[in-house]
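Novice: Protein chains in written order, with the numbering used here: chain A, 950 to 1254; chain B, 950 to 1254.
Read the hints as simulated data drawn from the structure, not as lab findings.
Fair warning: there could be bad hints in the mix.
Claimed, not checked - With a Cα cut of at most 25 Å, we get these calculated DMTMM-like pairs of lysine to aspartate or glutamate: (1) Lys1173/B <-> Asp1135/B; (2) Lys1230/B <-> Glu1219/A; (3) Lys1230/A <-> Asp1140/B; (4) Lys1137/A <-> Glu972/B; (5) Lys1230/B <-> Glu1244/B; (6) Lys1137/A <-> Glu1170/A; (7) Lys1230/B <-> Glu972/A; (8) Lys1230/A <-> Glu976/B; (9) Lys1137/B <-> Glu1170/B; (10) Lys1173/A <-> Glu972/A; (11) Lys1137/B <-> Glu1108/B; (12) Lys1134/B <-> Asp1177/B; (13) Lys1230/A <-> Asp1184/B; (14) Lys1230/B <-> Glu1189/A; (15) Lys1185/B <-> Glu982/B; (16) Lys1230/A <-> Glu972/B; (17) Lys1230/B <-> Glu982/A; (18) Lys1230/A <-> Asp1095/B; (19) Lys1185/B <-> Asp1095/B; (20) Lys1230/B <-> Asp1095/A; (21) Lys1230/A <-> Glu1219/A; (22) Lys1230/B <-> Glu1174/A; (23) Lys1134/A <-> Glu1124/A; (24) Lys1185/A <-> Glu957/A; (25) Lys1134/B <-> Glu1145/B; (26) Lys1230/B <-> Glu976/A; (27) Lys1185/A <-> Glu1174/A; (28) Lys1230/A <-> Asp1177/B; (29) Lys1230/A <-> Asp1023/B; (30) Lys1134/B <-> Glu1124/B; (31) Lys1230/B <-> Asp1202/A; (32) Lys1137/B <-> Asp1014/A; (33) Lys1230/A <-> Glu1189/B; (34) Lys1185/B <-> Asp1202/B.
Residues per chain, in single letters:
Protein chains: 2
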Amino acid sequence: MNPQRQRELSRLISRLDRLNPGESLPEVQDGREIGAAFRIGVTGPLGVGKSSLINEIARHYRRRDMTVGIIAVDPTSPFTGGALLGDRIRMPELTLDNGVFIRSLATRGAFGGLAENANDAADLLDIFGFDRIIIETVGVGQSEVDIAGACDAALVVFEPGSGDGIQAMKAGLMEIADLFVVNKKDMKGADRFVLELETVMEMRDRSRSPAVMMTSAHNGEGVKELVDWLEGYYDKVQHEGRLQNRRQSQRIDRIKRAAKLIINRRFMAEVGSERIEAAEKSHLPVRDAARQLVEEFLSGQIINN
Amino acid sequence: MNPQRQRELSRLISRLDRLNPGESLPEVQDGREIGAAFRIGVTGPLGVGKSSLINEIARHYRRRDMTVGIIAVDPTSPFTGGALLGDRIRMPELTLDNGVFIRSLATRGAFGGLAENANDAADLLDIFGFDRIIIETVGVGQSEVDIAGACDAALVVFEPGSGDGIQAMKAGLMEIADLFVVNKKDMKGADRFVLELETVMEMRDRSRSPAVMMTSAHNGEGVKELVDWLEGYYDKVQHEGRLQNRRQSQRIDRIKRAAKLIINRRFMAEVGSERIEAAEKSHLPVRDAARQLVEEFLSGQIINN
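This is chain A alone, in the form it adopts within the complex (with noise of 0.2 Å):
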């Protein structure tokens, strides 16, 4: 891809980032054919090396001729405020490379859009034809599970010895997960850790057991079976049809979610403060009084309409 449409994409994606949930851009408006990338989430507790791992997986599928845009959803950092590390400066040795397009997203509290943000960008990555898309989340949070759970793959990362990681880590994520990633396999207690990583899974008794893999990010190792494991994945889903219902049912919950988004930006815009403030000094339980908004919100629309 060349630096213009680069930076057209770059454009597309802030402007993205600065939508009301009730607006759209055109660009994606237009019809435009979503769908031939493979969108892979990594996400895990922060440190565990998933910037490194990300870089290197980017660069196999650079070695295969694929293109690859990589979206990384930064946590508002408590010193900043803002994204923690910059769009390029994370990775490099790609940065160089007009086959592979880098992208930060912040996290914005407005309208807690943040996932629904991401999801779209990879969207416009997608119809900017990138081949492989990946999508970098940190934590273990609904953000996460919300992110990775719209992706073709979901891969989460651990280091080992993070079983307080395990422990903390929502349960919808462990839901989502295709497969376990132990970075910085050299550590000690890798094997072990593996195993508990294992028995976990076999504790849990789910019908669909996640895979597990070693890789070491610094040194490259294991990296090129992760990108083979994920691509014979990706070739088998497809196959199975498993790919196109799993699409239509992420399809589905972002959706859902984004309808949440502009209903409630709606209820807030159309309410105002000054109606809430008023239920408030009412001294109404906090459910009774957001009830009677509701009705205000919901009746005012005959008005409106």
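Please arrange chain B on chain A, whose structure you already have, making use of the hints.
Specialist: Using the frame of chain A, we list chain B on its own:
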């Protein structure tokens, strides 16, 4: 509080847990005054000793002849899908004391209303006359912000050396903290950790800087001072009129969140899965499909009303 009242309270909280966002308990509705109790939110990463600390705080309050209600909001365990720990098993010393009520609330996925339920349960404890209410949450995500942020004082607990925990913490939680508690003060590096924490606070350059205290819940060290601090804080905000303002804005936030839950549920119930699935099949971009559904829902209110 006699065992019969305790059982009644417990049943009410169970009923609360099963309510839809649009429903409320008549027992909370009948105009009884809420606000006599001092609500203390305690949050922080897994394993820093929050339960032991709360146990010690409750014992101190009991010595001062105050009754204590404790709500422990447990994360859904990835292993069991339910609450990690039972109600009274957590704090065995307090179980035989009728002046203490302990109740766990599990994460419910259905409508995402865990924070609402926890805050409503605190209202019930308030109505039932507890002098001090402690709400424990595990983690550093949005639910913790929503719960601790609805208390009169928000405590964030760390253990020394958990610098990663500070890093991973959402900005919102740093904003709402009134007091940082460094528990396990006997651990190596505790003093340095407190310095780090204070430096981080200074770096953030906020007008309102939370206090930092050290405790050792396992031998009770520092807990008396912590309770003194809490009571001093409570007195101060009451006399300065800040408590009332804070509670008002908290109630406004709670009403907004409750209203969103109600309206989202109304939307899902009225639009229904079939129409959402049809919208997915339309191959419109996600945001446009969502906007169309919202428009249909809102204009449907004309017909329904």
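Novice: Work down the list of hints and note, for each, if the structure agrees.
Specialist: Here's how the hints hold up against the structure:
1. Lys1173/B <-> Asp1135/B: Judged against 25 Å, a Cα distance of about 17 Å means the pair holds.
2. Lys1230/B <-> Glu1219/A: violated (31 Å)
3. Lys1230/A <-> Asp1140/B: Violated - the C-alpha atoms of Asp1140/B and Lys1230/A are around 45 Å apart, more than 25 Å.
4. Lys1137/A <-> Glu972/B: violated (53 Å)
5. Lys1230/B <-> Glu1244/B: Cα-Cα ~18 Å, so holds.
6. Lys1137/A <-> Glu1170/A: holds (16 Å)
7. Lys1230/B <-> Glu972/A: holds (21 Å)
8. Lys1230/A <-> Glu976/B: Given pair Lys1230/A, Glu976/B holds - Cα atoms ~20 Å apart, limit 25 Å.
9. Lys1137/B <-> Glu1170/B: holds (16 Å)
10. Lys1173/A <-> Glu972/A: It is violated: about 41 Å lies between the C-alpha atoms, which goes past 25 Å.
11. Lys1137/B <-> Glu1108/B: Satisfied, since the Cα-Cα distance of roughly 10 Å is no more than 25 Å.
12. Lys1134/B <-> Asp1177/B: Cα-Cα ~18 Å, so holds.
13. Lys1230/A <-> Asp1184/B: holds (24 Å)
14. Lys1230/B <-> Glu1189/A: holds (20 Å)
15. Lys1185/B <-> Glu982/B: With Cα atoms ~22 Å apart, Lys1185/B and Glu982/B stay inside 25 Å; holds.
16. Lys1230/A <-> Glu972/B: holds (20 Å)
17. Lys1230/B <-> Glu982/A: holds (13 Å)
18. Lys1230/A <-> Asp1095/B: holds (21 Å)
19. Lys1185/B <-> Asp1095/B: Holds, because 23 Å separates the two Cα atoms, which is no more than 25 Å.
20. Lys1230/B <-> Asp1095/A: Given that 25 Å is the threshold and the Cα spacing comes to 21 Å, the pair holds.
21. Lys1230/A <-> Glu1219/A: holds (19 Å)
22. Lys1230/B <-> Glu1174/A: violated (36 Å)
23. Lys1134/A <-> Glu1124/A: Roughly 24 Å separates the two Cα atoms, so the pair holds.
24. Lys1185/A <-> Glu957/A: Status violated; Cα separation ~34 Å.
25. Lys1134/B <-> Glu1145/B: Distance ~14 Å between Lys1134/B and Glu1145/B Cα, so the pair holds.
26. Lys1230/B <-> Glu976/A: Within the cut-off at roughly 20 Å; holds.
27. Lys1185/A <-> Glu1174/A: It holds: about 16 Å lies between the C-alpha atoms, which stays within 25 Å.
28. Lys1230/A <-> Asp1177/B: violated (32 Å)
29. Lys1230/A <-> Asp1023/B: Outside the cut-off at roughly 32 Å; violated.
30. Lys1134/B <-> Glu1124/B: Within the cut-off at roughly 24 Å; holds.
31. Lys1230/B <-> Asp1202/A: Satisfied, since the Cα-Cα distance of roughly 13 Å is no more than 25 Å.
32. Lys1137/B <-> Asp1014/A: Since the Cα atoms of Lys1137/B and Asp1014/A sit roughly 51 Å apart, the hinted pair is violated (cutoff 25 Å).
33. Lys1230/A <-> Glu1189/B: holds (20 Å)
34. Lys1185/B <-> Asp1202/B: holds (23 Å)
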